[in-house]
Amino acid sequence: MEAYENESKKGFWNAEEDSVLTNYVKKHGTGKWNRIPKVTGLKRSGKSCRLRWMNYLTPDVKRGDFSEEEEDLVVRLHSLLGNRWSLIAGRIPGRTDNQVKNFWNTHLSKKLGVDKKKKRKACVTAKYIPRVEAGERDCKSASSSKGKLVHESWSDDLMELGSMHEGIMRDDFGCTFSFPNTVFDLCTSPYCTQSFHHSFFAL
DNA sequence: AACCAGCCCAACCGCATGTAA
DNA sequence: CTTACATGCGGTTGGGCTGGT
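Residue 165 in UniProt numbering sits at position 165 of the first sequence, and the numbers go up by one each step.
Heads up, none of these hints are tricks.
Just the calculated beta-carbon pair ranges, DEER-fashion:
1. Gly11 with Pro59: 23 to 29 angstroms
2. Lys26 with Glu69: 30 to 36 angstroms
3. Glu68 with Asn34: 37 to 43 angstroms
4. Ser109 with Lys9: 31 to 37 angstroms
5. Glu68 with Lys43: 37 to 43 angstroms
Straight-line alpha carbon distances no greater than 27 angstroms define the calculated DSSO-like cross-link-like pairs of lysine-lysine that follow:
6. Lys26 with Lys62
7. Lys10 with Lys43
8. Lys10 with Lys32
9. Lys32 with Lys47
10. Lys38 with Lys26
11. Lys32 with Lys101
12. Lys9 with Lys101
13. Lys47 with Lys101
14. Lys38 with Lys27
15. Lys9 with Lys38
16. Lys62 with Lys32
17. Lys9 with Lys26
18. Lys101 with Lys62
19. Lys9 with Lys47
20. Lys43 with Lys27
21. Lys62 with Lys10
22. Lys47 with Lys10
23. Lys62 with Lys27
24. Lys43 with Lys32
25. Lys47 with Lys62
26. Lys9 with Lys43
27. Lys10 with Lys26
28. Lys47 with Lys26
29. Lys101 with Lys10
30. Lys10 with Lys38
31. Lys9 with Lys32
32. Lys27 with Lys10
33. Lys27 with Lys47
34. Lys27 with Lys9
35. Lys26 with Lys43
Calculated directly from the structure, the hints in this document are not laboratory data. The beta-carbon is built from N, C-alpha and C at its ideal position, and this holds for glycine as well.
Go ahead and model the full structure; you've got the sequences and the hints to work with.
Set out below in structure tokens:
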């Protein structure tokens, strides 16, 4: 395997490589990414193959600019989840975590005047949301498997969020939210994230 | 036309997490 | 329980494009 890693090519993918990868996935499905270079002779790491498929070759991936609805959704979900790009992307059909992340970093953070220095903290806090979604009440006791302290930014807000298991929220703009959500029923309205965040945690 | 600065976004890197042996 | 490996995620990088001078 290391031999494949060592000789793996980097940089932009060409049409031929895309075609090889697409054919492989059509035949074998996703997963076992590290097998791809061995089976197909593609000079790319498994990681690179996965990323290329997820971000570009997946048939339902949407290209082009974000619509106003999508933009609003990103803003709202980011205010709730922080930099959990994969979670945010999972709720915007056809958009990948990389697209959402790029869109946020290049357009929205500028537009909304987000201080990049504060980015990291929001991200750390949001790490707990999946556990809460999974119904894990005593999230404070959940530490990383390697014994590192990963929840230094744990907030009471999140504890409260955990206690709202299966609650349904409504903000000042009539937007509804459910927890733990399989569907965020986020009716779009222009940039009401601050109010949303305020009313969400005030309840 | 040539140069440059800034922007965009695809891809890479490092780390965390999951899981099979 | 431990270890090794695979996968997923978020942050960052850098090549190409575009607009300004």
